[in-house]
Amino acid sequence: MYTIKIDYHKPFKDGISGKVIELRDHQIKAIKAVFSKIKSRQNGYICIAKGCGNSTTSFRLAQLLENKHHKVVYLTSPDILRKLPSAISFRKGSSLIKNFNNKNLICTTNGILFNALKKSRKKFNREKCIFIYDECRWACTNNKHELFKSLFNNSLFYGFTNSPIYMNTSIYDKTSKKIFSNELYSYNLKDALNDGYQTPFKIKYFNVPTDSKKRVSIVSNYIIRKETDFKGILITSLNQIHHYYNYFKENSNLKIATFYSAKSDSSKKKFKEYLEDYNKTFKTSFNLNENQKIRDHIFNNQNINLLIISYADYIKEIDLTNVNAIYFDKIYENILNTILDINNRCNNLITAHLFRNVKSEIDNNLKLLNENHPSEKPRLKKYSNYIKEFNKNITTIQNKLPSPFDFYNLKEKDKETISNLIDISEYNLKNAKTFLKFSEKKLRIGIDLFNKYSEANYNYKQESIEKDNNLKFKLVKTDLINEEYIQNLLEGKIEEIPVADEYQITEEDFEDDSWKSDALKVYQYWKNKDSFENESASIESVQNSIADSYDKNQKKSTKSSSEKYAFSKWKYSNWIKVYEEVKETFPFDKPRSGQLETISEIQHAINKGYKYIILEAGTGTGKSVIAATLAMLQGNSYILTSTKQLQKQYLKDFEGHGFKEVKGRQNFDCKVIKSTCKEGKCQIDDYNCPYGITKRKSDGTKQAYKYLYWKSSTHCNYYQQKIDGLNCPHIITNYAYALVELNNVNDFLKRDLLVLDEAHNVEDILMDFLTLEFEREELKENLQINLSKKVIDTLKKKGQNHWIKFAERILSKYNEEYESLSKLVKNSKKDLSAIQSKIFTLKDNIKEIEFFITQINRYPNEWVMNYDNRNLKLSFKPIKVDKYAKDFLFRYGNVCLFMSATILDPKQFSKWLGIKEHEIYTVRRKSPFNIKRHPIYTKNSVDMNYRKLRENAPSTIPMIKEILDKHSKDKGLIHSISYNCGKYIKNHVINNRLIIHDSKNREKIIKEFEETASPKVLISPSMNEGVDLPYDNCRFQIIYKIPYPNITDKQIEKRKDMDMNWYIYKTAIYLLQTYGRGMRAEDDSCVTYIVDSRLTNFIYKNRRLIPDYFIDAIQN
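Using the numbering used here, you'd call the opening residue of the sequence shown number 1 and step up by one each time.
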């Protein structure tokens, strides 16, 4: 046994992805399997399922071997080679040969190494190299491996693959076993599905007429009528691309695009037309000379509904995040690998539509990849045998068919004979080419002429297919490929589907039948799914809503358990180790279940060097004490919250442990003027206030916060609490104040921990901070600028250059007025409170305008203008904050802890904040609350889509009246989602229990509602968070419609167009936060009613964003 001390579990930076990762168990076993064979000098190959880290494992093996002073040659693809460090990767043969003896790790491609060695012909007999193939199939398909073996005959060879070549799949009479000897380790698709590293996927098989025109129209109509809002990929032949593109363009509103390598003049002409369409649709300006830029833009454009390609390998370059459907109108060898690749890289449950009945081929491939293979006897013949058989068959072919162009003049019987002989000749020629000594001179005819025969044979076969298989369009079978399906396949329990031609096309083939079967599948999953932590699993979730989608007979039918696993549960942390220092630091006598484990896991991540840590923990898990303990463990911290209530809670619980609250100036009365400190003199004239502080010594040098000096014995209340906080290890404050202080004042220094509570709001908070806003009345009163309809329309029409001119005009006026008023205040001894307040506003606005002008010049297409007609406000805001989050907030903590009950998708959450996926560590903990105390009912729901709102709203009124009658003695809340819906409910339900607020009296009405003892019902569009209504303050709530973000806001509209995932994510957060308003403690209770029938569809389509507790809560 080859012994080597390696910490396999140690995180490392992957040379391919650049991420810091840990090896999974199957990757460790694969590497150990190779090490076990090195001492005995045995070759071998490893099989790891697609999407489970094949390349990562093979390259990690290369790194580990290099570290132990082995000479390693790592052979990979050009794409991966480009990602590897330049110091070890060689893209030129000359450089490779020159540096071969100087490097312990050589990374290159199969082709580059072959060409370099072929030229030099230098032998390396004494070199004990270890060759690692990232894909061992390459060694089975050409003669390159033979050259490597002959020149490095004292070396070892190891290959990695996701689909080994066996006898019955070999084209060249070479198998993986023949080339590499034994299979050392296998981790197949069935294993990956069982472990959750691959998700289940659907395959739909269709019979489709092969007549070209009929085929294109039928397949296209299926896609058009099947899908409305989606992102799909259609893989077809190069010739068919043009037919499909034109049909979609003429018959649909889909945003389509295509990309292919245009070589002929006619092909270039067509592609130019497609490019013009693309430029027009997506407002770009590409030309044919920008091939790579076009390719990158198309492959990463999330707004394309359907991308049409012919080269399946393009899939490796395409951003598959939002893809939910893949269509194949092309048969090729690796269809299954393409499906697996897409399924592994996208966020959705993928469905593959195959418009060829190739079910038997797919099933055979699935069996090959998952069954045990007995020892194989090699069948490789001698080189001379392949040449001899090729020449013999060519003689027969040419005797009957002297010219390949006369193929169609043959009798039908002779056509079949010649076709078979050409097939056999192709097979022999392919295998002959795998030998190093292959020479075309040995062939009876040249390869170019033989290719003409092959082409004639191919055309003949295609015509035969069209004659024999002129089928009617019909969905033949839908398979859900999961662990159980593969097991049944291996046991012979999956029936083959005969190819039939009696099917008739019906409307049923076009309707969205997936909703019926999928809804039932979801129903069965929720009904039967196992529970966490011994909770009852008897809740039959969403039965009524789903039952409406299919007949009663369907509902009673029993589905196989294979459908049960279509959606996976949320995975919660299973960390059980508790560190001693955590126990010692924990501030309370008795921790809740899981608190110490959670703190220990996060501390473990901090020790590992993670800067960004996400804690997604449900209500009742005690996030505040977790944050406080971690703060004490780190030594010093900022804790940022979004509500005063949370600030008070932190202070109440942890003030005795070194925590201080710091609040903004507006919370303190000024000792100089009759106003708050927000308008104080210190805001205009730096620290020139008799009751303030000085930050300068006699030498004029600025000091750290510990060297602040009071000017008098009477202290400013604002600065007193600020200094108390600055000299305290832990500061509790709100986001708005922190952002201003951190970015504009030098008092606040970087701390070891930055806690971001209610972190799902961080993006919105940063957005608000960066937004430049003008009030119509303020501009008119102070600057004599009228924001008339004409001005607004001009700004909208002329765009960003005009925005900059408008902002510069206002900036100039502000600067003039600021200088004038500042002089007046400094030279006056009178109380000029009103003027000082105005100066403070001017000072703030000048900074905001200067920032806006700088940023819009830097990122000209990433800002939007919005005008709020209700509040008469003009605003300019960034579309995204990913470029700003680190500079404006995250850099002020050595570690950033994001806490929320609704992160939902840590990967996307991080991406939108400019954090790379490998930089984050996520901990997810479930709420301990009994969900039976917070049930959800869908009340005879109606579709509340905005297009149907006017039509369907009347039918909601009886439902609301019924709910009010049922809860006649309870206080409740109606989430109207919009002011208009709220007014409609108030005016039509007509009940004196109902009270409603607008944007101006919101705080006043909410306070009255909280203080009243009578069973009032508050109607509000904006109570999804920030307000707690525990116990009798809210015993029931009604969610009137799914809370989609308002796209009348231009920023939301633009962001939705850029990234539909973001829009759905925000909707899910609003929905879950709204649901959470009613139950705020373990012994609290609240019933939620949801009126909108779109709930079920929203849950099904976005299951990955919906926590189990929400689904478990649905009662009917």
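Think of the hints as simulated: they come from the structure by calculation, not from any bench. Since the model is a prediction, treat every value here as computed from it, not as a measurement. Even glycine gets a Cβ: it sits at the ideal position worked out from N, Cα and C. Some hints here could point you the wrong way.
Unchecked claim - Restricting the straight-line Cα-Cα distance to at most 16 Å, the calculated cross-link-like pairs of lysine to aspartate or glutamate (EDC-like) are:
#1 K916 <-> D14
#2 K590 <-> E580
#3 K577 <-> E597
#4 K611 <-> E917
#5 K838 <-> E862
#6 K19 <-> E919
#7 K32 <-> E183
#8 K283 <-> D1057
#9 K813 <-> D764
#10 K103 <-> E127
#11 K796 <-> E1053
#12 K911 <-> D882
#13 K359 <-> D195
#14 K13 <-> E919
#15 K1066 <-> D764
#16 K118 <-> D79
#17 K359 <-> D319
#18 K388 <-> E440
#19 K103 <-> E66
#20 K249 <-> E276
#21 K611 <-> E919
#22 K883 <-> E1053
#23 K1054 <-> E917
#24 K255 <-> D1057
#25 K611 <-> D887
#26 K1056 <-> D752
As the list claims (entries may be wrong) - Quick list of the computed label-pair ranges, beta carbon to beta carbon:
#27 K293 <-> S181: 44 to 52 Å
#28 P402 <-> S94: 45 to 53 Å
#29 N182 <-> S237: 33 to 41 Å
#30 E917 <-> N289: 44 to 52 Å
#31 R345 <-> K969: 30 to 38 Å
#32 K92 <-> R345: 52 to 60 Å
#33 N801 <-> F851: 16 to 24 Å
#34 K983 <-> K883: 35 to 43 Å
#35 K92 <-> R858: 32 to 40 Å
#36 T1012 <-> N801: 17 to 25 Å
#37 K293 <-> E491: 37 to 45 Å
#38 S955 <-> N869: 57 to 65 Å
#39 A87 <-> E917: 18 to 26 Å
| query | Can the suggested window of 16 to 24 Å be confirmed for the beta-carbon pair N801 and F851? | reply | Because 18 Å falls inside the window, the suggested range holds.
| said: Tell me if the straight-line CA distance from K19 to E919 falls inside 16 Å. | reply: The given pair, whose Cα atoms are some 8 Å apart, holds under the 16 Å limit.
| Pair hint K911 and D882, alpha-carbon separation not exceeding 16 Å | Measuring from Cα to Cα gives roughly 7 Å; hence the hint holds.
| task | Measure nothing beyond the straight line between the CA atoms of K13 and E919; if it is 16 Å or shorter, mark the hint as holding. | result | With a Cα-Cα distance of about 11 Å, the restraint between K13 and E919 holds, given a limit of 16 Å.
| query | Within a Cα-Cα threshold of 16 Å, do K103 and E127 meet the stated pairing? | reply | Between K103 and E127 the Cα gap is close to 13 Å, so the pair holds against 16 Å.
| Are the Cα positions of K590 and E580 separated by 16 Å at most? | This hinted pair holds, its Cα atoms lying about 15 Å apart.
| N182 versus S237 beta-carbon gap, inside 33 to 41 Å or not | holds, 40 Å
| query | Within a Cα-Cα threshold of 16 Å, do K388 and E440 meet the stated pairing? | reply | holds, 13 Å
| task | For the range 32 to 40 Å, tell me whether the beta carbons of K92 and R858 fit it or not. | result | With Cβ atoms ~38 Å apart, the hint holds.
| request: Can you let me know if the beta-carbon spacing of P402 and S94 is within 45 to 53 Å? | output: 47 Å Cβ-Cβ, so the 45 to 53 Å window holds.
| said: Hinted pair, alpha-carbon criterion (16 Å max): K838, E862. Please report holds or violated. | reply: Cα-Cα ~31 Å, so violated.
| said: Given the hinted pair K1056 and D752, is their Cα-Cα distance within 16 Å? | reply: violated, 36 Å
Of the hints listed earlier, those the structure fails to meet are numbers 5, 9, 13, 16, 17, 22, 23, 26, 30, 31, 32, 36, 37 and 38, in rising order.
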